[in-house]
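Trainee: Just so you know, the protein sequences line up as chains W and G, in that order.
Residues 1 to 173, numbered by our numbering, are exactly what the first sequence covers, in order.
Residues 174 to 348, numbered by our numbering, are exactly what the second sequence covers, in order.
Source of the hints: derived by calculation from the structure; they are not laboratory data.
Where hints are given, some of them may not hold.
Claimed, not checked - Derived lysine-lysine pairs resembling BS3-like cross-links, with alpha carbons at most 30 Å apart:
| # | chain 1 | residue 1 | chain 2 | residue 2 |
| --- | --- | --- | --- | --- |
| 1 | W | K12 | G | K323 |
| 2 | W | K150 | G | K182 |
| 3 | W | K9 | G | K183 |
| 4 | W | K68 | W | K168 |
| 5 | G | K183 | W | K47 |
| 6 | G | K293 | W | K119 |
| 7 | W | K119 | G | K183 |
| 8 | W | K159 | G | K183 |
| 9 | G | K344 | W | K68 |
| 10 | G | K183 | W | K13 |
| 11 | W | K168 | G | K302 |
| 12 | W | K49 | G | K290 |
| 13 | W | K168 | G | K323 |
| 14 | G | K182 | W | K49 |
| 15 | G | K338 | G | K302 |
| 16 | W | K49 | G | K302 |
| 17 | W | K159 | G | K182 |
| 18 | G | K302 | W | K20 |
| 19 | G | K290 | G | K338 |
| 20 | G | K302 | G | K323 |
| 21 | W | K68 | G | K290 |
| 22 | G | K344 | G | K290 |
| 23 | G | K290 | W | K119 |
| 24 | W | K47 | G | K302 |
| 25 | G | K183 | W | K49 |
| 26 | W | K100 | G | K344 |
| 27 | W | K20 | G | K290 |
| 28 | W | K13 | G | K182 |
| 29 | W | K9 | G | K182 |
| 30 | W | K12 | G | K344 |
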Amino acid sequence: MKGKMIKTKQNKKATRAQLKIQQTAFMLLALVFFFSLIFIFYLNFSKNKLYEARNELAMQEAYTLLQKFSSNPEFSCLDLSYCLDKDKLNALENMSGKYKDYFSGLASVFVREIYPENKTFIIYENPNIKPEDTIIGYSAFIPLCSQRFKDGYSWNECKIAKFVVSMKEFKQA
Amino acid sequence: MRYKILKGKKAQEEILGFVLIILLVIVGGVIFLAITLNKPVEEQQSLEAENLLQTVLSYTTNCAIQFEPQYDSIQDLIGDCYSGFSCSNLGANSCEVLNSSLNSILTASLGNVEILKTSKITAYTFEIKAEDNSSISSIPVIFSGNCTNKLEYGASQPIETNSGKLNIFLKLCYS
Numbered sequence: 001m002k003g004k005m006i007k008t009k010q011n012k013k014a015t016r017a018q019l020k021i022q023q024t025a026f027m028l029l030a031l032v033f034f035f036s037l038i039f040i041f042y043l044n045f046s047k048n049k050l051y052e053a054r055n056e057l058a059m060q061e062a063y064t065l066l067q068k069f070s071s072n073p074e075f076s077c078l079d080l081s082y083c084l085d086k087d088k089l090n091a092l093e094n095m096s097g098k099y100k101d102y103f104s105g106l107a108s109v110f111v112r113e114i115y116p117e118n119k120t121f122i123i124y125e126n127p128n129i130k131p132e133d134t135i136i137g138y139s140a141f142i143p144l145c146s147q148r149f150k151d152g153y154s155w156n157e158c159k160i161a162k163f164v165v166s167m168k169e170f171k172q173a
Numbered sequence: 174m175r176y177k178i179l180k181g182k183k184a185q186e187e188i189l190g191f192v193l194i195i196l197l198v199i200v201g202g203v204i205f206l207a208i209t210l211n212k213p214v215e216e217q218q219s220l221e222a223e224n225l226l227q228t229v230l231s232y233t234t235n236c237a238i239q240f241e242p243q244y245d246s247i248q249d250l251i252g253d254c255y256s257g258f259s260c261s262n263l264g265a266n267s268c269e270v271l272n273s274s275l276n277s278i279l280t281a282s283l284g285n286v287e288i289l290k291t292s293k294i295t296a297y298t299f300e301i302k303a304e305d306n307s308s309i310s311s312i313p314v315i316f317s318g319n320c321t322n323k324l325e326y327g328a329s330q331p332i333e334t335n336s337g338k339l340n341i342f343l344k345l346c347y348s
């Protein structure tokens with residue numbers, strides 16, 4: 001009888017210990033689950049940031065290209081430092097083949113006159129861009145000037161234009 | 174009875190521990206978010222304002238102060254308006270030509286009020302001030318859109334005129 005009582009007491013103690021272990025295990029599981037959720041959230045956040053940074057870099061690349069483009073004697077004006085020559089653009093329009101290496105990696109490059117008239121000068125179009133590709137464009141305002149002559153006088157007539165560079169957008173898969 | 178009270182106390186302690194852990198995690202998260210979100214925004218976007226300001230100032234107007242075809246650029250026209258000159262070829266006040274040209278250029282470049290409601294740039298301000306930062310009565314501030322609670326970036330350009338130095342400001346508001 002006494003032996004049976006001791007055994008029951010021991011069994012109760014063991015069950016309580018098991019419950020305690022179970023409780024700790026569940027607690028640990030909950031914590032692991034909680035931290036995993038935080039980690040997944042952080043990972044997703046970082047991934048988004050990475051894609052944003054990639055697109056930001058692409059934008060910087062476009063701006064750098066604009067600076068390079070506007071200071072290139074093939075496109076720049078004679079008198080102004082930040083300007084595109086409209087007459088040169090007219091002559092060089094649709095010469096994609098010649099600028100294949102210069103604009104490699106881009107989808108298209110064009111200059112759009114926005115004021116007072118609307119006219120687009122296509123400088124480069126990448127033939128490898130597929131219709132299903134998502135294209136993102138970066139633009140910067142630039143004066144579009146042309147040399148004018150009247151009564152023995154010559155002057156620069158500048159209009160408002162946008163230099164647009166477009167490239168494939170890097171999207172999250 | 175005593176055993177039950179002890180057990181209850183232990184459970185309370187465990188709950189308190191758990192709450193403390195959660196609180197610590199939340200505090201950590203809040204600090205992390207505050208550091209991440211408080212990073213200063215890069216100046217990149219002001220490049221757009223700078224480009225636009227330079228482009229606007231280079232625009233050739235149809236106003237010639239002395240004779241045709243010596244047409245003024247917007248930058249020249251600002252100086253001529255400040256000095257009180259008139260456009261001899263148009264028979265108009267240079268300030269009127271300046272204001273109408275600026276309004277048309279900015280509307281064509283950034284959009285009208287309706288377009289600004291849906292575009293990335295929600296508002297713009299074009300302002301010309303004297304060297305002592307005072308406003309010029311003949312050149313009103315050009316403003317369009319809604320800039321409340323928006324990120325504001327700008328560009329400025331000092332210019333020299335016959336009547337003194339002026340500062341030109343272009344502010345863009347981004348959604």
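Trainee: Against this structure, judge whether each hint is valid.
Mentor: Evaluation of the provided hints:
As the CA atoms of K12 of chain W and K323 of chain G are separated by approximately 67 Å, the hinted pair breaks the 30 Å bound. Only pairs whose Cα atoms come within 30 Å are accepted, and K150 of chain W paired with K182 of chain G is rejected, the gap being roughly 99 Å. This hinted pair checks out: K9 of chain W and K183 of chain G have alpha carbons roughly 22 Å apart, not beyond 30 Å. For the given pair, K68 of chain W sits about 20 Å from K168 of chain W by alpha-carbon distance, which is consistent with the 30 Å threshold.
Taking the CA atoms of K183 of chain G and K47 of chain W, the gap is near 43 Å; set against the 30 Å cutoff, the hint is violated. Restraint check for K293 of chain G and K119 of chain W: satisfied, since their Cα atoms lie roughly 23 Å apart, inside the 30 Å limit. Restraint check for K119 of chain W and K183 of chain G: the C-alpha separation of about 79 Å exceeds 30 Å, so the hint is violated. Restraint check for K159 of chain W and K183 of chain G: the C-alpha separation of about 80 Å exceeds 30 Å, so the hint is violated.
Among the hinted pairs, K344 of chain G with K68 of chain W is consistent with the structure: their alpha-carbon atoms are about 26 Å apart, no more than 30 Å. For the suggested pair K183 of chain G and K13 of chain W, the alpha carbons sit about 17 Å apart, so the restraint of at most 30 Å is met. At most 30 Å may separate the alpha-carbon atoms for a hinted pair to count; K168 of chain W and K302 of chain G exceed this at roughly 42 Å. Our distance criterion of 30 Å between C-alpha atoms is met by K49 of chain W and K290 of chain G, whose separation comes to about 27 Å.
With a C-alpha separation of about 29 Å, the suggested pair K168 of chain W and K323 of chain G falls inside the 30 Å cut-off, and the hint holds. Proposed proximity of K182 of chain G and K49 of chain W is contradicted: the alpha carbons are some 47 Å apart, above 30 Å. At roughly 9 Å between alpha-carbon atoms, K338 of chain G and K302 of chain G fall within 30 Å of each other, so this suggested pair holds. Note on K49 of chain W and K302 of chain G: the hinted pairing is violated, with a Cα-Cα distance of about 40 Å set against a maximum of 30 Å.
With a CA separation close to 81 Å, the supplied pair K159 of chain W and K182 of chain G exceeds the 30 Å bound. Restraint check for K302 of chain G and K20 of chain W: the C-alpha separation of about 76 Å exceeds 30 Å, so the hint is violated. Restraint check: the Cα-Cα separation between K290 of chain G and K338 of chain G comes to about 35 Å, which exceeds 30 Å; the hinted pair is violated. Between the alpha carbons of K302 of chain G and K323 of chain G the distance comes to roughly 23 Å, so the proposed pair stays at or under 30 Å and holds.
In summary, the hint linking K68 of chain W to K290 of chain G is not supported, as the alpha carbons are separated by about 33 Å, beyond the 30 Å threshold. Simply put, K344 of chain G and K290 of chain G have alpha-carbon atoms about 16 Å apart, close enough for the 30 Å limit, and the pair holds. Using a Cα cut-off of 30 Å, the hinted pair K290 of chain G and K119 of chain W holds, with the two alpha carbons roughly 25 Å apart. Between the alpha carbons of K47 of chain W and K302 of chain G the distance comes to roughly 45 Å, so the proposed pair goes past 30 Å and is violated.
With a C-alpha separation of about 45 Å, the suggested pair K183 of chain G and K49 of chain W falls outside the 30 Å cut-off, and the hint is violated. Of the supplied pair hints, the one linking K100 of chain W and K344 of chain G is violated, its CA atoms being roughly 37 Å apart against a limit of 30 Å. For the hint pairing K20 of chain W with K290 of chain G, the CA-to-CA distance comes to about 61 Å; that exceeds 30 Å, so the pair is violated. As the CA atoms of K13 of chain W and K182 of chain G are separated by approximately 19 Å, the hinted pair is consistent with the 30 Å bound.
Taking the CA atoms of K9 of chain W and K182 of chain G, the gap is near 23 Å; set against the 30 Å cutoff, the hint holds. Proposed proximity of K12 of chain W and K344 of chain G is contradicted: the alpha carbons are some 77 Å apart, above 30 Å.
Taken one by one, the earlier hints fail for this structure at numbers 1, 2, 5, 7, 8, 11, 14, 16, 17, 18, 19, 21, 24, 25, 26, 27, 30, listed in ascending order.
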